[in-house]
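Could you slot chain H onto chain U? The hints should help.
The listed protein sequences correspond, in order, to chains U and H. In this text, residue positions in the first sequence follow the working numbering: the first is -3, and each later residue adds one. In this text, residue positions in the second sequence follow the working numbering: the first is 1393, and each later residue adds one.
I should point out that these hints are in silico values taken from the structure, not numbers from a laboratory. Warning: the hint list may mix true and false statements.
[Said to hold, decoys possible] For lysine-lysine, the following DSSO-like pairs were computed, each having C-alpha atoms within a straight-line distance of at most 30 Å:
(1) Lys1676(H) / Lys1621(H)
(2) Lys1604(H) / Lys1621(H)
(3) Lys88(U) / Lys68(U)
(4) Lys1489(H) / Lys1558(H)
(5) Lys1676(H) / Lys1604(H)
(6) Lys1549(H) / Lys88(U)
(7) Lys1540(H) / Lys1558(H)
(8) Lys1540(H) / Lys116(U)
(9) Lys88(U) / Lys116(U)
(10) Lys1549(H) / Lys1489(H)
(11) Lys116(U) / Lys1549(H)
(12) Lys88(U) / Lys1540(H)
[As the list claims (entries may be wrong)] Residues on chain U that point at chain H, a partial pick, calculated with CB under 7 Å:
(13) Glu45
(14) Ser46
(15) Met47
(16) Ala89
(17) Leu93
(18) Phe96
(19) Gly98
(20) Asp99
(21) Leu117
(22) Ala118
(23) Leu122
(24) Ser198
(25) Gly200
Even for Gly, the Cβ is constructed at its ideal location relative to N, Cα and C.
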Amino acid sequence: MSHNSYIAVGDIMHGLVNRSIECFVRDTYGQMAWEDVARCAGLEPATFESMLHYDDRLTHAVLEAISQRLNKPREAVLEDVGTYLVTHSNTKAIRRLLRFSGDSFGDFLASLDDLPERVKLAVPDLEFPRLELEERGNGQFCLWVRGAHAEFIWVICGAMRALADDYGALVLMEGHDPVGGTDGFIELHLAALSFAEGNAFSLGAGGAN
Amino acid sequence: MALPRLDAQALMGAALLAPAALDRLMPMHLQIAADGHVVHVGPTLGQVSPVPLEGLGFKALMGVLQPRGIQDLAGLRAADGGQVRFRLATEPEIPMKGLCVPTHDGGALLNLSFGYAVTSAVEHFHLTCGDFACTDLTIEMLFLIEAKSAAQEEQRKLNMRLQGDKQRAEAEALSDGLTGLANRRAFDAALMRCIENGAPFAVMQIDLDFFKAVNDTLGHAAGDAVLAKVAAVLKKETRASDLVARVGGDEFSILFVRFVDVGSLLDVAGRMIAHIEEPLPFGKQACEISASIGIAVAQGAHSDTAADLVHKADTALYASKFAGRRQATIYSQGLEEEVARNAADLPLPRQ
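Same shape as in the complex, but just chain U (with noise of 0.2 Å):
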């Protein structure tokens, strides 16, 4: 098994991150789509494993390759790669995970702020940007992202976005990369809290939802 993709020190992009956007990748496009996405890459073998570290600009590869053979910008594969996070049947270990925040979208909201401590409990080696949520009034947020990968921020803005659907909520949303010395940030509007009737969740890991 060749391995020189693998590093142990450095820039380094965890393996679940990367096994996330090749799983996206085939889940959604197909196994060929993935090869001729790992071929151009230059991953070899053309799979990642999600229990070990990579070099970051793997990623970066991958990613700018996803970008061309899709003919999409990088920001909108990344927030395809959020959504797909929380609504494919493949991941929804993910969807569950996230909704033990609360039981409306606004508990989530307001537990933005320790998702990245649920997520070293889970995973202790994962990099994870820093969130804080700052409201400003009549359903208005802002969702600062700070610190490692920046490209985190629109597989956020993507994962949110399926979970408002996931809750029945109603949310406007627009992300913006960091820009000079600024973090970046998503805009929300949060039009209903129940706008739709939401997908159940049963905290029983037996149960299917």
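Only chain H this time, still in chain U's reference frame:
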């Protein structure tokens, strides 16, 4: 200004907190009045009970598991702050634990928890985040259990993939891990190549004598040391262009490319046997073995298949064994019949 005198009774009694506030702090509590009947039930506890608990007396309410002997309100009050383990009469499937404190009105306040039954309880009762006080770590614990199970599952899959890779790598490998010689797979491939290109060559089959005795009496480590030594001898007595393989436990095969002189081959085999017979010190003991050898020669433009040649070399090897081991035999026409005659008289040597 004099402070109003606070009534100790009012301060310390549950009356200081409205029932709704107690419900929020402890959604799984219940209050028992001095007469032993339940007067109030927290919302989550109320939800998990199939019948209303209010108005039930002690016996109808619960069976205490620990501490044993608690049979009434007086017993509960005496437990004062200690842990009480019990089953609710209305939900006997789920064991619960609780902390009980006596109240000043002669009753008791009992705050309950599912303890280790929590995962089955949340499933059974369809509890949600809102059913637990936010200071209760139940939700965090359920999150952790699920997160760790998911991580463990990923780890398990990785281990399975690595295991598969390892087996595949071993199957595809061409060398023997113990001796570093070629393995049977490599030998078979090289034999096919020799037959295809038509040059003369010889096949030598070597079977160790008394090896099993070494393994049985001195252990596997001694056996492994012997195999390593034999490998070294065979390498030393062959040229770089020959292929030396370990094809079985104590069986070796050699391909001599463009080397078919019968006398010289027998000389080589004789030297091999002599070196193999040199005792190998192992601890305070010495490993003493020998070898039997069979040789088949293919004189170019072959009509023999690989299987034919190996069979001829094996036949010559059996002839060496029947003749008393520790020697080499060159295959010649008719040797099969001789071996067969010997085999009829003697038990066939081990293969």
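Hint check:
{"no.": "1", "hint": "Lys1676(H) / Lys1621(H)", "verdict": "18 Å, holds"}
{"no.": "2", "hint": "Lys1604(H) / Lys1621(H)", "verdict": "16 Å, holds"}
{"no.": "3", "hint": "Lys88(U) / Lys68(U)", "verdict": "26 Å, holds"}
{"no.": "4", "hint": "Lys1489(H) / Lys1558(H)", "verdict": "49 Å, violated"}
{"no.": "5", "hint": "Lys1676(H) / Lys1604(H)", "verdict": "19 Å, holds"}
{"no.": "6", "hint": "Lys1549(H) / Lys88(U)", "verdict": "17 Å, holds"}
{"no.": "7", "hint": "Lys1540(H) / Lys1558(H)", "verdict": "27 Å, holds"}
{"no.": "8", "hint": "Lys1540(H) / Lys116(U)", "verdict": "11 Å, holds"}
{"no.": "9", "hint": "Lys88(U) / Lys116(U)", "verdict": "19 Å, holds"}
{"no.": "10", "hint": "Lys1549(H) / Lys1489(H)", "verdict": "38 Å, violated"}
{"no.": "11", "hint": "Lys116(U) / Lys1549(H)", "verdict": "21 Å, holds"}
{"no.": "12", "hint": "Lys88(U) / Lys1540(H)", "verdict": "15 Å, holds"}
{"no.": "13", "hint": "Glu45", "verdict": "6 Å, holds"}
{"no.": "14", "hint": "Ser46", "verdict": "5 Å, holds"}
{"no.": "15", "hint": "Met47", "verdict": "5 Å, holds"}
{"no.": "16", "hint": "Ala89", "verdict": "4 Å, holds"}
{"no.": "17", "hint": "Leu93", "verdict": "6 Å, holds"}
{"no.": "18", "hint": "Phe96", "verdict": "4 Å, holds"}
{"no.": "19", "hint": "Gly98", "verdict": "5 Å, holds"}
{"no.": "20", "hint": "Asp99", "verdict": "5 Å, holds"}
{"no.": "21", "hint": "Leu117", "verdict": "6 Å, holds"}
{"no.": "22", "hint": "Ala118", "verdict": "3 Å, holds"}
{"no.": "23", "hint": "Leu122", "verdict": "10 Å, violated"}
{"no.": "24", "hint": "Ser198", "verdict": "6 Å, holds"}
{"no.": "25", "hint": "Gly200", "verdict": "3 Å, holds"}
In summary, the structure is inconsistent with hints 4, 10, 23 from the numbered list given earlier, while agreeing with the others.
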